[in-house]
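Produce the complete structure using the sequences and hints provided.
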Amino acid sequence: MNKLKVFRKIPPSDVDNSLQEELYDRMPQNIKSILSNKNSTKRMLSLLGWDLLAENLLDKTLLTKVDFEEKGKPFIPNSNVHFNISNTKGIVVLVIHNRPIGIDIERLRAPNKNIFSRVFCSEEINYIDCAEDFTRLWTRKEAVVKLFGGGISMGLTSFSVLKDKFEAFGKSVEIKPVLIDGFISHLAIYSRL
Numbered sequence: 104m105n106k107l108k109v110f111r112k113i114p115p116s117d118v119d120n121s122l123q124e125e126l127y128d129r130m131p132q133n134i135k136s137i138l139s140n141k142n143s144t145k146r147m148l149s150l151l152g153w154d155l156l157a158e159n160l161l162d163k164t165l166l167t168k169v170d171f172e173e174k175g176k177p178f179i180p181n182s183n184v185h186f187n188i189s190n191t192k193g194i195v196v197l198v199i200h201n202r203p204i205g206i207d208i209e210r211l212r213a214p215n216k217n218i219f220s221r222v223f224c225s226e227e228i229n230y231i232d233c234a235e236d237f238t239r240l241w242t243r244k245e246a247v248v249k250l251f252g253g254g255i256s257m258g259l260t261s262f263s264v265l266k267d268k269f270e271a272f273g274k275s276v277e278i279k280p281v282l283i284d285g286f287i288s289h290l291a292i293y294s295r296l
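The end of the sequence shown is residue 296 by this note's numbering, with every number in the run present.
Simulated from the structure, these hints should not be mistaken for laboratory data.
This structure is a prediction, so every number in the text was calculated from the model and none was measured.
Careful: at least some of the hints might be erroneous.
Claimed, not checked - Calculated pairs, EDC-like style, for lysine to aspartate or glutamate (alpha carbon to alpha carbon, straight line, at most 20 Å):
{"#": "1", "residue 1": "Lys112", "residue 2": "Glu124"}
{"#": "2", "residue 1": "Lys266", "residue 2": "Glu277"}
{"#": "3", "residue 1": "Lys112", "residue 2": "Glu125"}
{"#": "4", "residue 1": "Lys279", "residue 2": "Glu209"}
{"#": "5", "residue 1": "Lys106", "residue 2": "Glu277"}
{"#": "6", "residue 1": "Lys174", "residue 2": "Asp128"}
{"#": "7", "residue 1": "Lys163", "residue 2": "Asp128"}
{"#": "8", "residue 1": "Lys279", "residue 2": "Glu235"}
{"#": "9", "residue 1": "Lys268", "residue 2": "Asp236"}
{"#": "10", "residue 1": "Lys163", "residue 2": "Glu125"}
{"#": "11", "residue 1": "Lys108", "residue 2": "Glu209"}
{"#": "12", "residue 1": "Lys266", "residue 2": "Glu226"}
{"#": "13", "residue 1": "Lys268", "residue 2": "Asp284"}
{"#": "14", "residue 1": "Lys145", "residue 2": "Asp117"}
{"#": "15", "residue 1": "Lys108", "residue 2": "Glu158"}
{"#": "16", "residue 1": "Lys108", "residue 2": "Asp162"}
{"#": "17", "residue 1": "Lys216", "residue 2": "Glu226"}
{"#": "18", "residue 1": "Lys135", "residue 2": "Glu172"}
{"#": "19", "residue 1": "Lys145", "residue 2": "Glu209"}
{"#": "20", "residue 1": "Lys135", "residue 2": "Asp170"}
{"#": "21", "residue 1": "Lys192", "residue 2": "Asp117"}
{"#": "22", "residue 1": "Lys192", "residue 2": "Glu172"}
{"#": "23", "residue 1": "Lys266", "residue 2": "Glu235"}
{"#": "24", "residue 1": "Lys112", "residue 2": "Glu209"}
{"#": "25", "residue 1": "Lys216", "residue 2": "Glu235"}
{"#": "26", "residue 1": "Lys279", "residue 2": "Asp236"}
{"#": "27", "residue 1": "Lys279", "residue 2": "Asp267"}
{"#": "28", "residue 1": "Lys266", "residue 2": "Asp236"}
{"#": "29", "residue 1": "Lys274", "residue 2": "Glu209"}
{"#": "30", "residue 1": "Lys145", "residue 2": "Glu124"}
{"#": "31", "residue 1": "Lys112", "residue 2": "Asp284"}
{"#": "32", "residue 1": "Lys135", "residue 2": "Glu124"}
{"#": "33", "residue 1": "Lys135", "residue 2": "Glu125"}
{"#": "34", "residue 1": "Lys274", "residue 2": "Asp236"}
{"#": "35", "residue 1": "Lys145", "residue 2": "Asp162"}
{"#": "36", "residue 1": "Lys106", "residue 2": "Asp162"}
{"#": "37", "residue 1": "Lys174", "residue 2": "Glu158"}
{"#": "38", "residue 1": "Lys108", "residue 2": "Asp236"}
Next up, the structure:
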């Protein structure tokens, strides 16, 4: 995976309205239009993610060109700059690559058995034995979903993320861990098997 860069930002412990407004004011209109309906904690995490992208794009004008796929995945048209942003309580991560990419990050979370049959194939369900297993598989699945730009309705039980390289939706995918203390994070890219 050449030209891969991962960035992270820790949000302030309090949701600071003045910082939110400062970040919001710096965003181009195309980004502002997707931020207005979020509660203040989620809005702050989103703003920090977009700010992280703005800080790390070599061509600062690219932020004004960001567009969104039908299911909401952001992309930069006519560019070889691909990115993905994820956040959870206490952190925002950004990955930039020269190929399409997805990333997810979570704190350790207890298994939610109510969603198993909608998200995991039987092989994955049998693998889950503890919170770490659940969170590991969840972030791997979510990274794949974000790579493809879809949602839970994509047919997530049709593939397994137990291996680092596999086929999903007719494409070869590779998953890599992203090591960040206190969190479980994975990224997914299309691979060349």
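| task | Enumerate the violated hints, using their earlier numbering and listing them in ascending order. | result | Those not satisfied are hints 6, 13, 22, 29, 34, 35, 37 and 38.
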